[in-house]
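Visitor: Fit chain B with the ligands to the supplied structure of chain A, relying on the hints for placement.
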Amino acid sequence: MSEFIVSCQGVWKVYGPKPERIIGSPDAKLPRAELLEKTGCVAAVRDITFDVAPGEVFVVMGLSGSGKSTLVRCITRLIEPTAGKVLIDGEDVVTLGEERLRDIRRHKVSMVFQHFGLLPHRRIVDNVAFGLEVQGLDKEERIARAAGVLQTVGLGSWGDAYPDELSGGMQQRVGLARALAMEPEIMLFDEPFSALDPLIRRDMQDEVIRLQKEVEKTMIFITNDLLEALKLGDRIAIMKDGAFVQIGTPEEVVAHPADEYVADFIRDVPRAHVLTARAIMEPASAGDGRTYERDIPHDTVVQDLLPLVVNSDLPLRVMDGDRMVGIVDRTAVMEALIEDRA
Amino acid sequence: MATLHAPPETELANEAIESPPLPIHRVPASPWRRRMVWLGVIALAIAIGLRLTPGFPERLVVDVGKVFDGFQSWVIDHNKTSPLFVYFFTPIKQASKVLLDATTNVVQRMTFLGVIVGAAALAGVGAGWRMAILAAVGFAVMGILGLWESSMETLALVIVSVGFGLLIGIPLGIWAGRSDRAEKFLRPLLDAMQTVPAFSYLLPLVLLFGIGAATALISTLIFALPPAVRLTSLGIRGVPPTALEVAGSFGSTRRQTLTKVQLPMAKPSIMLGVNQTIMMALGMVVIASIVSAPGLGRDVLDGLKLLNVGEALNGGIAIVAMAIVLDRVSFAWSLRDRRRKPTIDVLGRSFTYRQAAAVAVVVTVAAVVVGREVLRQQVWPENLTVSVADPANAALHWIEHTFSAVTNSISNGLIRFALNPLKNLLLGLPWWMIAGGAGLFAWKVSRRVSLAVFCTACTAAIGVLGMWDLAMDTLSQVLVAVVISIAIAIPLGVASARSDRFQRTLKPALDAMQTMPAFVYLVPVIFLFQLGRVPGVIASVVYALPPAIRLTDLGIRQVPKETVEAALSYGATPRQLLFKVQLPLARPSILLGVNQTIMMALSVVIIAGLIGAGALGFEVVYDLTHSLIGRGLVAGITITLLAIVIDRITQAMGMERRVLLGPVGTGGVGWWTRFKAIPVRRASGPRDDVLDG
Ligand SMILES: Nc1ncnc2c1ncn2[C@@H]1O[C@H](COP(=O)(O)OP(=O)(O)OP(=O)(O)O)[C@@H](O)[C@H]1O
Ligand SMILES: [Mg+2]
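So the protein sequences, as listed, match chains A and B.
Read in this note's numbering, the first sequence has 250 at position 250, and its numbers run on one by one without any break.
This note's numbering runs 1000 ahead of the 1-based position in the second sequence.
No lab work stands behind these hints, which were simulated from the structure alone.
Mixed in with the good hints, there may be bad ones.
Stated by the list, open to error - Computed footprint of chain B on chain A, listed as stretches where at least three residues anywhere in the stretch have a Cβ under 8 Å from a Cβ of chain B: (1) 71–79; (2) 108–117; (3) 131–137.
What the hints assert, rightly or not - Straight-line alpha carbon distances no greater than 25 Å define the calculated SDA-like cross-link-like pairs of lysine to any residue that follow: (4) A:18 - B:1504; (5) A:139 - B:1032; (6) B:1444 - A:122; (7) A:139 - B:1565; (8) A:139 - B:1564; (9) B:1561 - A:168; (10) B:1580 - A:107; (11) B:1561 - A:194; (12) A:18 - B:1032; (13) B:1580 - A:148; (14) B:1561 - A:165; (15) B:1580 - A:168; (16) B:1580 - A:18; (17) B:1561 - A:104; (18) B:1184 - B:1267; (19) B:1561 - A:167; (20) A:139 - B:1039; (21) A:139 - B:1505; (22) A:139 - B:1577; (23) B:1444 - A:165; (24) B:1561 - A:197; (25) B:1444 - A:162; (26) B:1561 - A:122; (27) B:1580 - A:162; (28) B:1561 - A:148.
In this text the structure is predicted, and so the values were computed from the model without any measurement.
Even for Gly, the Cβ is constructed at its ideal location relative to N, Cα and C.
Bound-form chain A, shown alone (with noise of 0.2 Å):
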């Protein structure tokens, strides 16, 4: 057993004919534009390589047409991988048998999508029991079960409703309570609320933050909105064309954009929000003897800092629990600030 629950190991997904030739062919090194002029195929998704560790949310975005979905697809085979590995719980999922794959979707995966496929024929309840119902659950068991999540999610008055009757951030919260009916250990979130209007789409995240501090989910998180995934990702995975340019926390990613293309990305944002103490600090493990204004959380973000600097001359102690790492100052606030503008 791996300490990571999810693992993909060199996964590609290339569409066109005969789509082997090009994994180890000289040809997979071409940009994807070549590629097709050159042989006719795709290679949507090229030798992705990462790690989920339990009970962590891992949020993969990029541009449009970059691979997510085709990815996100990929870790339980909704898209049949052209090579690599996808370990679930250590098992290699693109060996399995049909049987064996079902399992695992109907225990230990379940996804919510970004229109959210609910079933227009049936009540939502019967929506949400609809995992359930596929396992092979009785009636009565899983309408109970679906009702009780359906409280969860702050629909529990709507079961007997059909989905054309709810607005779309309704229907995304049917999708969510559909997806935690299972019990997974793993959710995958294909852009779930792109389709939502700004403030729908605020609460939406925040309910994920809510559901993920309650039940401890491992969350690969698909989305397009860079501020989004600041928010809800413990690391970000930055993708363009089929591959990843940078995995890392969200900080690191603002801080230390790994090129171009991630700094276009962040360009806009307020990196005040972002960057914390830790990333703009001076190391330092032991006091010289100066004084320090007061003792600061690693984790605090630079727009705190500000009104402790401007009110006071003295530098601010960065702390990692008991220890010191660091120390910021007024110059270092006023620096991030700058480049914030810049």
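Guide: For chain B with the ligands alone, coordinates are given in the frame of chain A:
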């Protein structure tokens, strides 16, 4: 996580609803238990019903036929004097005769060479050189079969009726496309025109116009009009509102908007309407041979009447050849896109359209001149004909001999285990039980009392008209044909939706089946099953298959991809996916297919009156040929009533609330649900663009 500032506690979701105590969701009783109860009730009702007085009591019958006969006498007495005839019907009759004669005359004077070359040239300019070859070969086939003259008579009838159909239909369609009021006004009329089977048109027209070309022409016109109107209106309504806003914002007048925006953008749809109008016209022209319309229909009809199956086959093949030419050429024409390809290529050379048209005219004129002056031959030369009649008759005997064991047992089985029991059941129940049952069923599927009352009344009216027994006979044949047809079609549709390969294999067969007029289906089946009800049922089954297959396929393929993925991602097996997701979501489409199947089966079962299927169809044919106009009209009305009841009920089935509102309510199927009843062809493929656009 959440390194970003947590937003202030939002008042929880403006849409999440304050929750009352944990609600108890109704766990619906198993649908199977409910169904068993229903079945039990029905069985009990039937058991009781069979002990009551069966059928419709004689004393309630009103002899409506007498009224019509009276009207006919009045017509005979007054058609020289009444202003209605002198100034209206008679001029129409004469005008259509003159027009038809003139067209026939022109076609004949062009000589066979001129017609073949002209058709090829026209097809070539409109639809490319492949279609030119197809047209030439198709017309040559008619000549080779020795049916040149009949073919030209049929062609003339088609040309004139299509000409009028478009002349009337396209303006009506434009009107309906631009005015909601017009659409509302026209829709029930068009619905009615498309619900009433072809046979019923003939009688009243015979009453007004007598037997002959005028009746044939006008009935064809009525039959072929609806698709032209509907598809024109649909095309115009399909123009995106932004395009209209743009036109408006630049100050276009209504007329400019029409000619510069709406019509050009609606063109693909209108052209499809032309294609459909042509095919409907051809289908009706051959049926109109019953009222002495000249042409290929007559050849088939005579063959059938004289039991000279070979002769009928000869005519049938010629009709098929004409159907294929007209359909493929006009369809290819409707797909042509000049913007993308401003030239036509012949043998590697490119010509502009103007050049091509000029060449076509010159070549045609030359061919006409050669035909008239050099060959001096109007019809296809006799010594170049090959009739299939004799070999076909020989083959018939061989088939009868070889397969009679199989076909006889199919025949007997169908009669003993399906047709007769059902007919006896329908005839053994009291009329009010059947009428009431129709009403109840209508209510059950629509929850509309008005529809229930309407269906009951229409069914009862059949009894009042004195046609109860014949109608039950027809109904039993239709039901048997429909059940068989659906039982074959839905599995095929499912298979076709699941495999692109299978869909591709099936496509040419379905296309071919949908090109042939219903009439033609009668010929091969009597090869195998002789005369009677069985060949009628078999022909109906075959004729009615394609729409149900295609609409099942379409319905399943239209299930949103994400919904399918969702089901799979929760671990549904292929079987669960089919029964819990795909079939339920495809339901409106499938039920529309069922509706189409029933209407098509009904139309063939009635035409099968010509080959001894008896019942209402035979009644109409018999009355027509024996001048029993009153009785024939009553039979025609009965057919119409039957068709309307069946149509309304099956349509209501497809429109149940729950299914209509789903994502399948729009797009191709939604279109069908709204406009229905244009024979479904190429449900997938190029036409989809037209439908969705
Ligand atoms: N069935 C297919 N056949 C061929 N190419 C495909 C197929 N499905 C996806 N692609 C290609 O793969 C690439 C990645 O598609 P994908 O849907 O995974 O992107 P995405 O990142 O999810 O984009 P979006 O944000 O728009 O959902 C695209 O360039 C697309 O053209
Ligand atoms: Mg996507």
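Visitor: Does each hint fit the structure? Answer for all of them.
Guide: How the hints compare with the structure:
1. 71–79: holds (count 3)
2. 108–117: With 8 residues closer than 8 Å to chain B, the segment 108–117 of chain A meets the three-residue bar; holds.
3. 131–137: With 4 residues in contact (Cβ-Cβ under 8 Å with chain B), the coverage given for the segment 131–137 of chain A holds.
4. A:18 - B:1504: holds, 22 Å
5. A:139 - B:1032: holds, 14 Å
6. B:1444 - A:122: Measuring from Cα to Cα gives roughly 20 Å; hence the hint holds.
7. A:139 - B:1565: holds, 23 Å
8. A:139 - B:1564: Cα-Cα ~22 Å, so holds.
9. B:1561 - A:168: holds, 18 Å
10. B:1580 - A:107: holds, 19 Å
11. B:1561 - A:194: Between residue 1561 of chain B and residue 194 of chain A the Cα gap is close to 18 Å, so the pair holds against 25 Å.
12. A:18 - B:1032: Roughly 48 Å between the alpha carbons, so the hint for residue 18 of chain A and residue 1032 of chain B is violated.
13. B:1580 - A:148: Holds, at roughly 23 Å.
14. B:1561 - A:165: holds, 22 Å
15. B:1580 - A:168: This hinted pair holds, its Cα atoms lying about 23 Å apart.
16. B:1580 - A:18: Given that 25 Å is the threshold and the Cα spacing comes to 34 Å, the pair is violated.
17. B:1561 - A:104: holds, 21 Å
18. B:1184 - B:1267: holds, 23 Å
19. B:1561 - A:167: holds, 21 Å
20. A:139 - B:1039: holds, 24 Å
21. A:139 - B:1505: violated, 41 Å
22. A:139 - B:1577: OK: residue 139 of chain A and residue 1577 of chain B at ~18 Å, within 25 Å.
23. B:1444 - A:165: holds, 24 Å
24. B:1561 - A:197: holds, 23 Å
25. B:1444 - A:162: Roughly 21 Å separates the two Cα atoms, so the pair holds.
26. B:1561 - A:122: Holds, at about 18 Å.
27. B:1580 - A:162: Judged against 25 Å, a Cα distance of about 16 Å means the pair holds.
28. B:1561 - A:148: violated, 29 Å
Hint violations for this structure: numbers 12, 16, 21, 28, all remaining hints satisfied.
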